[in-house]
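Novice: Going down the list, the protein sequences come from chains A and B. For the first sequence, the residue numbers in our numbering are 947 to 1048. For the second sequence, the residue numbers in our numbering are 947 to 1048.
Errors might be hidden in some of the hints.
Which copy? The list can't say, so a pair holds if one copy fits it or any two copies do.
Cut-off 20 Å, straight-line C-alpha distance, at most; resulting in silico cross-link-like pairs (EDC-like, lysine to aspartate or glutamate) [stated by the list, open to error]: (1) 1008 / 949; (2) 967 / 988; (3) 951 / 987; (4) 951 / 1017; (5) 1031 / 988; (6) 1031 / 994; (7) 951 / 1007; (8) 973 / 1027; (9) 1031 / 949.
Derived from the structure by calculation, the hints contain no laboratory data.
Number of protein chains: 2
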Amino acid sequence: MVELKHHIFVCTSCRINGQQKGYCFSKESVGIIQRFMEEIEDRDLSGEIMITNTGCFGICEKGPVVVVYPEGIWYGNVSIDDIEKIVEQHIEGGNVVNELLL
Amino acid sequence: MVELKHHIFVCTSCRINGQQKGYCFSKESVGIIQRFMEEIEDRDLSGEIMITNTGCFGICEKGPVVVVYPEGIWYGNVSIDDIEKIVEQHIEGGNVVNELLL
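Please model the entire structure based on the sequences and the hints provided.
Specialist: Shown next, in the form of structure tokens:
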């Protein structure tokens, strides 16, 4: 069994036909993933936090979309500059970032 | 806020460079996603269950990997023929499929 405190999913618009093309991808979602990875590594959280890129969540107009489980928190219109706050306030502090909630 | 009963994630080996290449993809994970979608639609569960394709979970040797949240259940070595059981027993019945657990 895999034991994680949080599992962060970031839409990078992967399609099952192998294309990566879509709104979240066009809005720097790959940079969002990379920024999450840096923050998690810098804070030495990689044993308990996983970051996974995904295909479309079906709400492209609200992208880039980030979903955090097990709590099932959905963030929308996320930018690279929001990542530090999500990690500090939600992942480390346990308090959802209300202004980014969907 | 998005309200889901279960969110099923299936690794299709999407990479953030846009390539879809890897063990889960080579082992028919795209067919696994399609089978999940058929089962969910046939059972009229699409309002409460979401299926999302993902990039690598880092345990390729145990792929294809399927992760179900919010309960955080990880299944490995999943085949297309296992999907009906996962949906019937776990998603509808609430009982984890022990023989597929990681």
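Novice: Find the hints from earlier in the document that the structure breaks and name them by number, from lowest to highest.
Specialist: Numbers 2, 7 and 9, in rising order.
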